[in-house]
Every structure is written in C-alpha cells, then in structure tokens.
Amino acid sequence: MILDSKIPAGPLAEKWEKHKFNLKLVNPANKRKYDVIVVGSGLAGASAAASLAELGYNVKVFTYHDSPRRAHSIAAQGGINAAKNYQNDGDSIHRLFYDTIKGGDYRAREGNVYRLAQVSVDIIDQCVAQGVPFAREYGGLLSNRSFGGAQVSRTFYARGQTGQQLLLGAYSAMNRQIAAGKVKLYTRCEMLDLVVADGKAKGIITRNLITGAIESHAGHAVLLCTGGYGNVYYLSTNAMMCNVTATWRAHKRGALFGNPSFTQIHPTCIPVSGDYQSKLTLMSESLRNDGRVWVPMKAGDNRLPTDIPEEERDYFLERKYPSFGNLVPRDVASRNAKYVCDEGRGVGNTKLAVYLDFADAIKRDTEAVVKAKYGNLFDMYQQITGENPYKTPMRIYPAVHYTMGGLWVDYNLMTTVPGCYALGEANFSDHGANRLGASALMQGLADGYFVIPYTLGDYLASTGAGKLSTDTPEFKEALDGVQKRIAKLLTMKGEKTVDELHRKLGLTIWDYCGMSRTEEGLKKAKAIVADIKKEFETNVKVLGGNEEMNQSLEKALRLADFIELGALMIQDALDRNESCGGHFREEYQTPEGEALRDDDNFAYVSAYEYTGDNQAPVLHKEVLQFENVKLTQRSYK
Amino acid sequence: MNTMNLTLKIWRQPNAKAKGEMKSYKISGINDHMSFLEMLDVLNEDLQKKNEDPVVFDHDCREGICGSCSLVINGRPHGPQQTTTCQLHMRSFKDGDTIYIEPWRAKAFPVIKDLMVDRSAFDRIQHSGGYVSVNTGSAQDANNLPIGKEIADEAFNSATCIGCGACVAACKNASAMLFVSAKISQLAMLPQGQAERKKRAESMVAQMDAEGFGACTNTGACSAECPKEISMANIAMMNREYLGAKLTSEAV
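Sequence lines, in order, name chains P and E. When we follow the numbering used here, the leftmost residue of the first sequence carries the number -10, and every step to the right adds one. When we follow the numbering used here, the leftmost residue of the second sequence carries the number 125, and every step to the right adds one.
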C-alpha cells in the first residue's frame, strides 16, 4: 500500500487555493441527491453537518448523547488560536504555521498545518457572526491572550468556557439546518461498525441506546467526528463516554491508524486524590499566563506553601526556560513536573503535584482582576479540592488530555477507506507529536467549516449519487457481527466488572506508555495488555439485556476496542526509537533531559494496517517532507 | 479524610412505561473527597458484584459543563450546593445521612430509566429559533462589528446555560422560561441577533408551550437552583421581547 497524502505541489501559501480550484464540484441542484452520515456532534461534527447541509446535502447526524450540545468539545476551556494579528505583535499565518510545526516537534505535515493557519482567521469571523460571545475590550473589539509555545497573543477566548461557546455556536448552526429539514438528528445512538462494500464506505451500524435496536444506515459518505481516545488511560480529562469505537471499527474495516502512541499529557490538572477517582479535571493552560509553577528546593519539605520563603522555592520552568517561562509547550511542562516529583520534591498528600501560584498576580493586578480572568476555574478548583486558590496555591499534576494520533487521513481528510473521512481529534493530521494549547478547537472547526465542505464534493462528484440500500450482504454481515458481539458480552456472566478491567488497562498504559516510556516497560505492558484482553474475553460481567438502557453494555463494547487500541499504542511506542513531543522514550534524550529526535530515521507518520484479531499490524510509513522549515532541536530556553 | 456510611433512597424505574418506586441501599466507606457521582459509581460496583442491576443516571464530562447530570437530591435539583451534581462532593454530607435521589420531575421530561430522563424537548425549542441565520463563509471580519464590553459580558452570562434542566425541575410548574429566555436574551442583546429578533421570540415561546412546560409565576426557584446562576432578568427580557414581537410582528 502506498500512502498518498495528496498534498498539492507548489508554494506552501498557494497549495490550498490551488487545490480548492482543482477539486471537482457537485452542481447545487445535485447536492440534494447525496446523503452524508456524520458521526459525532462536537465541534468537528456539528460544524461539518451545518456547513454541508447549508450547501444542500442531506445530512444524518448521530450522537450517543441525549443532545448534540453535550459533546466533549463543550469542556474546552482556554481558547482558540487564530492568526488575526489584532494585537499588532508580529503574528502572521506563517508564524502560526511555524509555531504549530515546531510545537509538534516536526512530526506534522507542512501542507496541512499551513492550511489550518490560513483558515484560522475565517473561523473567528464565522463564530462572531453566529453570536459567539468572545471576550472583548472596552472599545468593543476582540480580546486575546497567550498560550503555551507562542510568543504572541493570538488566542481568542470566552472566559474559561471557550469550547462551550464555540460548540453552542456550531450547535445553533446545525439546529437551523435541523429546522430546515436538511439535517436529521439521531440522539442516544452509537455507531458500532462501519460498512464497506466495493472498497468504499457505504454506511454504519448503530445501536439505539434506549431500545437496544441495532440499525443500518446507508450514506454516500461517512464522516467520523468522534474525538480522541484519551480514555484508554481510564483516568483522563475526557468525558466518561469518550471512546475509540467508531474510529477503531473503521480501522478494522481498512482505515489505517496514524501515530497511535502520540498522546498529550496536559501539565495543569487537579491531582488524583484516591482509587475511586473517575476522571481528572483540567485547569486551563491559560492559567499559566499569570500562575507561577514551583516546588520546594528541598525534597520532603512538608511546610505549608505559604510558609516556604521565596528563596527556598524552585520556579523550575522559569529557571530552565527563561524566554518562555511558565508558557513552555505542554509536553515540556508535564515532563518537568514529573522530574521534580521523581526527585521527591512533589507537594500535597500524594507528593504527585506541583504548585501553581497566583500570589504575585493577585499582588500585581488585585484579586478582582484575577477573578475576572479565571473566576470559573478558581471556583471549579475550590469545588473539587475544598481549597481556596486565592489564598493558597493550586496543586496541579499532569494528566492525559488529548490524542494527536487518530485515523490516518490525506489532505482531503479522507481515510484509506474511500468515502470514509475523519475530522477533528479523530484524525491524526495537524499536531504532530504534541499539540499546542488552543489549537484543538481551531482544528475541529477548520475541518468542519472550511475543509470538508470543499473536499467532500470532490469524492461525491466522482462516485455519483447512486441509489442507497441497506439490503446488501455487507450490511447484513456487519449487523450480524454487532449482534454477536453484544450477545457474547451478555452471556459471558464472568466475575470482573467492566470498570475493574478498564482501570487495570488504564493504569498499565499510564505507567508504561504515558509521560515517559522505555523499551523494557513497553514490552512488559504488551504482555499485561494481552492478559487483560484474555480476561475481558472470558471473564467480564455485563448484567441486564440488550433491549433496554444498559450502560454496562455500552461501556463493555467500548472497552473491547480500547484494549485492542492499547496494544497498538504500545506497538507504536516500541517501534519509534526516538523521542519527539509527547512521545518520550527515556533511552533517547539530550543531556538536559529534552526529547531527542532522530530525523534521519523517524521523520515519518506511522500508519498501521489491521490484519486480523491477535495478528501483528503492518506498519506503513508516510515520510514527512519539510520544504519550508528547518528541522532543529526544539528550544524554549 | 473522613469516611461515612450512608443510606440511599433511590428512584428505580425499569423503563418509561413501568411503575417506579423508591428503593433503599446501604453504602459504607464513602470518603468526603469523592464526588457525588463517584459515590454512585461505588454503589453501582457493589450492586454488580451482587448481580443486581446498576442504577442508570446521565453523566458525562464530570466537570460541570456538559449539562448531562441531573439528579434531584434531597428535594433539590443538583443537591444542596448551587452547582451541578458532578461538582457536588461528599463533604457536603455527613456520616449516617439518608439521601433521597430522584430524577427530574416534569411532564416534558419523561423518565427513560431510573434517574435518566428525556430532555429532547429542550433541543426542539432550540431548533425552533435559537440561532443566527448565517451560512458558513459569509461572515465579515470579526472586528468590523464592535460590541461594547458590557453588552458582550451580559450576552455571555446568558450564553453560559448548560441546558441541564434544573430550572424546570426546580419549578413547581415545571416551567422552562429560564432556559428559553437565556437564549432569547443572548441573541436579542447582540447586534448579530437583530434581524430575527421578533421571529425568534415568537417561535421559541410557541415551541416551549407545545412541549408541555408550565407557566412562570416568578418565584425565582429556577434561578436559585441554576448551577450557572442564569439570572431571572433573562425572563423579564424574554417577556418584553415576546410582547414586543407580538405587538409589532410582521408575521401574518
């Protein structure tokens, strides 16, 4: 298999314009002859559904939530990047492109990232036109703040609830199309398989979560906008239901999976407090604009933070990275928090935390100003920990937050299954080995509003609006397969609950394929995951039946796919004998403990082909071409 | 860290048509750092170990923003604190407490199973007009439309509604006025919302009535229980918008 990224030739700045012109168009009157299936209703899914419906396509949207507005994009806090240069501080499309490529540790495609930077400015315009209430200055113009990995202020925000406001914007645009009859919405309906016939995506199999009905839906194209797979770690900042099933099922039907081991560990989360913990809560990166990260100089210092004098504190990020200070990229900040905790200088009961201190900001700007910027985050922190962050520093620790890996897609966002697309976090495309803060919202909306409306037409125009049917052997085979999977789980009557096994899987992946990785550890993890798989397949306990609301069954179906994905992540982390971005192999580091890339041997995208249950996946390599940036050791000093 | 033993009285109802009842469960070893939903997770693990059906409840983000969680705890939507259930922690309770847990109670929110209800009526109200009609790609430069900070902040406050339905559950009439007014006010305040201002107020109110929500009697229970502190002023604004629209409507 030859992976063709379909990046257009020519100068970087002209690629997208030229490509748009070369794409085939579907005549406005013909668009209504096409049915498009969109799975997921977050930023990517809702924006794609609305935009495609506006063009005239018939869109079916599927979500497992009771409402599209619950998608986890809603929880994004800090902001969305755009190269508007409203602050006159030297930003440009090229700078956003460069920062993103560098931030991703040179493991993303130049062409994709440049396009992302180009359309970023249109996203802000679109959202404002929808009535998204971004933060503004007294003069009425839009306000910006800074995020990690950038030395300009290009992040647009709506207090600490930017994701919510952007999602409600996309949701409202979709609602308008629902009212117009162009979008048909299926709620509490989860995709459990992709149907492929004649080498093309033809539809999906879903389960109605209320009635248990297994249903077939046919479409001329299928868009997977189903987010990331951070919940493979059990504990993450993802919502409880986030899962990999849609993309994993597409993978098993022929879509290659790109860079599965590239996961992002976010440096500022509320630390784990006990075994009962069900999820982790992020404290927005924007807090690092004003908060200072520190630990005591001495290991085992148990004094209250407010009792530790200035000269006995180590502001380790400011010390090691004077030019970016507390705003180094996420992978760098996380790794350094781990180092100081490994040295025994961690704080709090578990000693797995560092301080994020606002005392200086409060002294400089007053408590009222800090409250206006971060009030809701401070409230959330107090709600969860019972401590007042205005009086005592926050305790934070890294947690799994985002997955850069995902389905491999070409420049058109199409997977290796023709007609099956992946948008937003579900694809692997734009963030390389580390995503910069405020870039996930940008990418989700870029894909949905400004990329797929162009690229999808090209495929549809070339395949034609053939008659759709679910009465085919391929649909029947997929539907039977889903029913068998469910029946097997319900009749097993084993001993272990789904959550027990999921915790075990999560802990294994976190310990060996998390913030830092070693060959030895990964090999160990491989064996543990194989055992978990066996145990799951023979000893899981799922009560109740299919024909009812059955949350244990939902979780079991998702866990089955997480286990297989976990094995692939480990495989990928083992294959990549270098460190880059969030993928940190201890064997490969600079003397200062930074990630040491090996560009001669690993400047490629790993794309895995599924070859069968318990069979080794086949690795395909898409070599990355860098024509516009020079690959250097990333430095934030 | 304190641990506690609790008695839970939970509404169990197998499906929409079945008759429900309160059932009693003992739970022990709950620590005060747990969230309320983590306490229910512990209960569900215990139940499954005993081969009993776990309690069904809606939840997802567990950080107070998705609006999924929805329990009436000791008679109050989302419990004793003005927050979402997922952000309620067990330190709000003490050893030996009996806690009553019920679903949202409203005709327009039928029970699906146990503590889970159907809130699709909220979505249908949004479909009827909760948007600005602007196609992708047709927007002007964002800074061509200055909006005073005070107005932008007010619109933001209205826009923070998470659609959880606590306002309906809190209201003795199961009125959805706070939810509906938050969207109408947000868009009525902003210049982007002007073109469809009247039509929006008329159609969203009509859909709200069609869904079977009750009338507002201004007791303010909705706002008092709203985890996002959506203000009653939104309802006043909606009434003005609706009346104004009806009096001057171009719709015939």
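Keep in mind that the hints are not guaranteed to be accurate.
What the hints assert, rightly or not - Under 7 Å between C-beta atoms, here's a sample of chain P residues computed to sit facing chain E:
no.: 1; residue: Ala118
no.: 2; residue: Arg125
no.: 3; residue: Gly129
no.: 4; residue: Leu224
no.: 5; residue: Ala228
no.: 6; residue: Met229
no.: 7; residue: Thr270
no.: 8; residue: Gly483
no.: 9; residue: Thr486
Unchecked claim - Straight-line Cα separation of at most 30 Å, DSBU-like style, residue types lysine-lysine; simulated pairs:
no.: 10; chain 1: P; residue 1: Lys477; chain 2: E; residue 2: Lys141
no.: 11; chain 1: E; residue 1: Lys143; chain 2: P; residue 2: Lys530
no.: 12; chain 1: P; residue 1: Lys544; chain 2: E; residue 2: Lys322
no.: 13; chain 1: P; residue 1: Lys173; chain 2: E; residue 2: Lys231
no.: 14; chain 1: P; residue 1: Lys362; chain 2: E; residue 2: Lys273
no.: 15; chain 1: P; residue 1: Lys530; chain 2: E; residue 2: Lys174
no.: 16; chain 1: P; residue 1: Lys473; chain 2: E; residue 2: Lys273
no.: 17; chain 1: E; residue 1: Lys133; chain 2: P; residue 2: Lys485
no.: 18; chain 1: P; residue 1: Lys544; chain 2: E; residue 2: Lys370
no.: 19; chain 1: E; residue 1: Lys133; chain 2: P; residue 2: Lys473
no.: 20; chain 1: E; residue 1: Lys150; chain 2: P; residue 2: Lys493
no.: 21; chain 1: P; residue 1: Lys4; chain 2: P; residue 2: Lys610
no.: 22; chain 1: E; residue 1: Lys147; chain 2: P; residue 2: Lys530
no.: 23; chain 1: P; residue 1: Lys544; chain 2: E; residue 2: Lys273
no.: 24; chain 1: E; residue 1: Lys273; chain 2: P; residue 2: Lys360
no.: 25; chain 1: E; residue 1: Lys322; chain 2: P; residue 2: Lys523
no.: 26; chain 1: P; residue 1: Lys20; chain 2: E; residue 2: Lys323
no.: 27; chain 1: E; residue 1: Lys173; chain 2: P; residue 2: Lys352
no.: 28; chain 1: E; residue 1: Lys322; chain 2: P; residue 2: Lys173
no.: 29; chain 1: P; residue 1: Lys544; chain 2: E; residue 2: Lys323
no.: 30; chain 1: E; residue 1: Lys322; chain 2: P; residue 2: Lys482
no.: 31; chain 1: E; residue 1: Lys141; chain 2: P; residue 2: Lys173
no.: 32; chain 1: P; residue 1: Lys523; chain 2: E; residue 2: Lys174
no.: 33; chain 1: E; residue 1: Lys133; chain 2: P; residue 2: Lys173
no.: 34; chain 1: E; residue 1: Lys174; chain 2: P; residue 2: Lys477
no.: 35; chain 1: P; residue 1: Lys482; chain 2: E; residue 2: Lys133
no.: 36; chain 1: P; residue 1: Lys482; chain 2: E; residue 2: Lys174
What the hints assert, rightly or not - Here chain P is said to cover these stretches of chain E; the calculated rule only asks that three of the stretch's residues, wherever they fall, bring their Cβ under 8 Å from a Cβ of chain P:
no.: 37; stretch: 250 to 262
no.: 38; stretch: 291 to 299
no.: 39; stretch: 330 to 337
Calculated directly from the structure, the hints in this document are not laboratory data. Backbone N, C-alpha and C define an ideal beta-carbon position, used for all residues, glycine too.
- [ ] Compare the distance between the alpha carbons of P:Lys473 and E:Lys273 with 30 Å, and conclude whether the hinted pair is satisfied.
- [x] Roughly 57 Å between the alpha carbons, so the hint for P:Lys473 and E:Lys273 is violated.
Task: P:Ala118 as an interface hint toward chain E, with CB separation required under 7 Å - done: With a closest approach of 4 Å, the P:Ala118 hint holds.
Open item on the list: Quick check: do three or more residues in the stretch 250 to 262 of chain E have a beta carbon closer than 8 Å to a beta carbon of chain P?
Closed with: This one holds; 13 residues, not fewer than the three required, reach chain P with a Cβ under 8 Å.
Open item on the list: Does E:Lys174 sit within 30 Å of P:Lys523, going by the straight-line distance between their CA atoms?
Closed with: holds (23 Å)
Open item on the list: Can you confirm whether chain P covers the stretch 291 to 299 of chain E, using C-beta to C-beta distances below 8 Å and requiring at least three such residues?
Closed with: violated (count 0)
Open item on the list: Run the distance test for P:Lys544 versus E:Lys322: straight-line Cα separation, threshold 30 Å.
Closed with: Cα-Cα ~45 Å, so violated.
TODO: Below or equal to 30 Å on CA atoms is what counts here, so check P:Lys362 against E:Lys273.
DONE: holds (14 Å)
TODO: Take the C-alpha atoms of E:Lys147 and P:Lys530, compute the straight-line distance between them, and say whether it is at most 30 Å.
DONE: holds (23 Å)
Task: E:Lys150 paired with P:Lys493 [C-alpha distance capped at 30 Å] - done: Given pair E:Lys150, P:Lys493 holds - Cα atoms ~27 Å apart, limit 30 Å.
Open item on the list: Hint P:Ala228 vs chain E: min CB-CB distance below 7 Å?
Closed with: holds (4 Å)
Open item on the list: P:Arg125 was flagged as interface toward chain E. Is the shortest Cβ-Cβ separation under 7 Å?
Closed with: Hint holds; P:Arg125 Cβ to chain E Cβ min 4 Å, cut 7 Å.
TODO: Sort out whether P:Lys485 lies within 30 Å of E:Lys133, counting only the CA atoms.
DONE: Distance ~27 Å between E:Lys133 and P:Lys485 Cα, so the pair holds.
The structure fails hints 4, 8, 12, 16, 18, 19, 23, 25, 27, 29, 30, 33, 38, 39 (numbered hints given earlier, in ascending order).
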